[in-house]
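Number of protein chains: 2
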Amino acid sequence: MPLAAVDLPRAYRLLNHGPVTLVTSADGERRNIMAAAWAMPLDFDPPKVAVVIDKSTLTRELIEASGTFALNLPCRAQAKATLDVGSISGRDLAGSDKFAHFGLATRAGTAIAVPLLEGCVGWLECRVISEPHNQGRYDLFIGEVVAASADTDVFRDGRWHFEDAPETKRTLHYVAGGAFYVTGESLDLGD
Amino acid sequence: MPLAAVDLPRAYRLLNHGPVTLVTSADGERRNIMAAAWAMPLDFDPPKVAVVIDKSTLTRELIEASGTFALNLPCRAQAKATLDVGSISGRDLAGSDKFAHFGLATRAGTAIAVPLLEGCVGWLECRVISEPHNQGRYDLFIGEVVAASADTDVFRDGRWHFEDAPETKRTLHYVAGGAFYVTGESLDLGD
Chain A
30 MPLAAVDLPR AYRLLNHGPV TLVTSADGER RNIMAAAWAM PLDFDPPKVA VVIDKSTLTR
90 ELIEASGTFA LNLPCRAQAK ATLDVGSISG RDLAGSDKFA HFGLATRAGT AIAVPLLEGC
150 VGWLECRVIS EPHNQGRYDL FIGEVVAASA DTDVFRDGRW HFEDAPETKR TLHYVAGGAF
210 YVTGESLDLG D
Chain B
30 MPLAAVDLPR AYRLLNHGPV TLVTSADGER RNIMAAAWAM PLDFDPPKVA VVIDKSTLTR
90 ELIEASGTFA LNLPCRAQAK ATLDVGSISG RDLAGSDKFA HFGLATRAGT AIAVPLLEGC
150 VGWLECRVIS EPHNQGRYDL FIGEVVAASA DTDVFRDGRW HFEDAPETKR TLHYVAGGAF
210 YVTGESLDLG D
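Residue numbers (our numbering), protein chains in the order written: chain A, 30 to 220; chain B, 30 to 220.
Keep in mind that a hint or two might mislead.
[What the hints assert, rightly or not] Here are the simulated lysine-lysine pairs, BS3-like style, with alpha carbons at most 30 Å apart:
hint : chain 1 : residue 1 : chain 2 : residue 2
1    : B       : 77        : B       : 109
2    : A       : 77        : B       : 84
3    : B       : 109       : B       : 84
4    : A       : 109       : A       : 84
5    : A       : 77        : B       : 109
6    : A       : 109       : B       : 109
7    : B       : 77        : A       : 84
8    : A       : 84        : B       : 109
9    : A       : 109       : A       : 77
[Stated by the list, open to error] Covered stretches of chain A (in silico footprint by chain B; criterion: 3 or more residues with CB under 8 Å from a CB of chain B, positions within the stretch not fixed):
hint : region
10   : 40-52
11   : 142-155
12   : 194-206
If you're looking for bench data, these hints aren't it; they were derived computationally from the structure.
The C-beta atom is built at its ideal place from N, Cα and C for all residues, glycine as well.
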């Protein structure tokens, strides 16, 4: 897969259209992955993101311990995996983890010690900006994006180009109950 | 247009798939509308939302004065209007406002004194939960959804049904520079 770094001031564009995300996290040898539909850009440069991470999750524990997380953007080919990783808790896989359990390949983050899910089409590596009130009251985490990358088949020159690529590489928008919408037709009213 | 209230515990589903929003606001006789792509659900019940509102905007001034705002969900037929309302500031329209300037019809909110944009396909009426630190540092506003409604051609039984309705009623996902993606194909992996 053709992969390239995304300039940080353009990193918000990976998330601007509201796709579902997969949150990866790690603390030492422990690592996890979960789905999160509630994620959005929060600033351009330096780029920041906001994401909701429930208190009950292993992901929450790993993020609070390490101060890092990554938002991976799954594509249509990964819809089932996106549901799968939300179907169990990493805490229930003693001696293993969801990556091994579901056969999910990863590569190392470039700026943080968090695995990135292969086969995704975009990745935002983030360091938590500690906001205990938001985390405690709203389960809301704010992260600064310290590295970003994308599959150049679908994201290049600072924007998405789904229309030139296989349908299987389109991003997903989560509805509920196992249902998604695939990112659809491009509508360009710009100059 | 067939319009119905949305039960509050399902209101998050209006926003779950990451559509662009139009933020309407009012304080007394003054009223405004702006586009915001950075909005997401924050809680289920009572439903909350998070949205980024820049300090420079008239919308920000009106929201801080009234403690209320609405998120309107524009559809494909409103793509140009969505760009139009972002092209000027309400402050530059002395004695008028963007609704009059662009010929945008509204109806009254049901729970808050904020206009709702006609022709949209979903509406979330919100009261600000005051969080001065988030508002000051991140331009981040948290609102409790106190009423929600939708066009039943595309949202009924607590979920979107774009596939049965005209293409013009699909929601939009903002990219940058006047470009959107339309909400695309449904992909249902649920039971």
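Hints, verified against the model:
no., hint, verdict
1, B:77 / B:109, "holds, 28 Å"
2, A:77 / B:84, "holds, 17 Å"
3, B:109 / B:84, "holds, 24 Å"
4, A:109 / A:84, "holds, 24 Å"
5, A:77 / B:109, "holds, 28 Å"
6, A:109 / B:109, "violated, 35 Å"
7, B:77 / A:84, "holds, 17 Å"
8, A:84 / B:109, "violated, 41 Å"
9, A:109 / A:77, "holds, 28 Å"
10, 40-52, "holds (count 6)"
11, 142-155, "violated (count 0)"
12, 194-206, "holds (count 7)"
When the structure is compared with the earlier hints, violations turn up for hints 6, 8, 11 and for no others.
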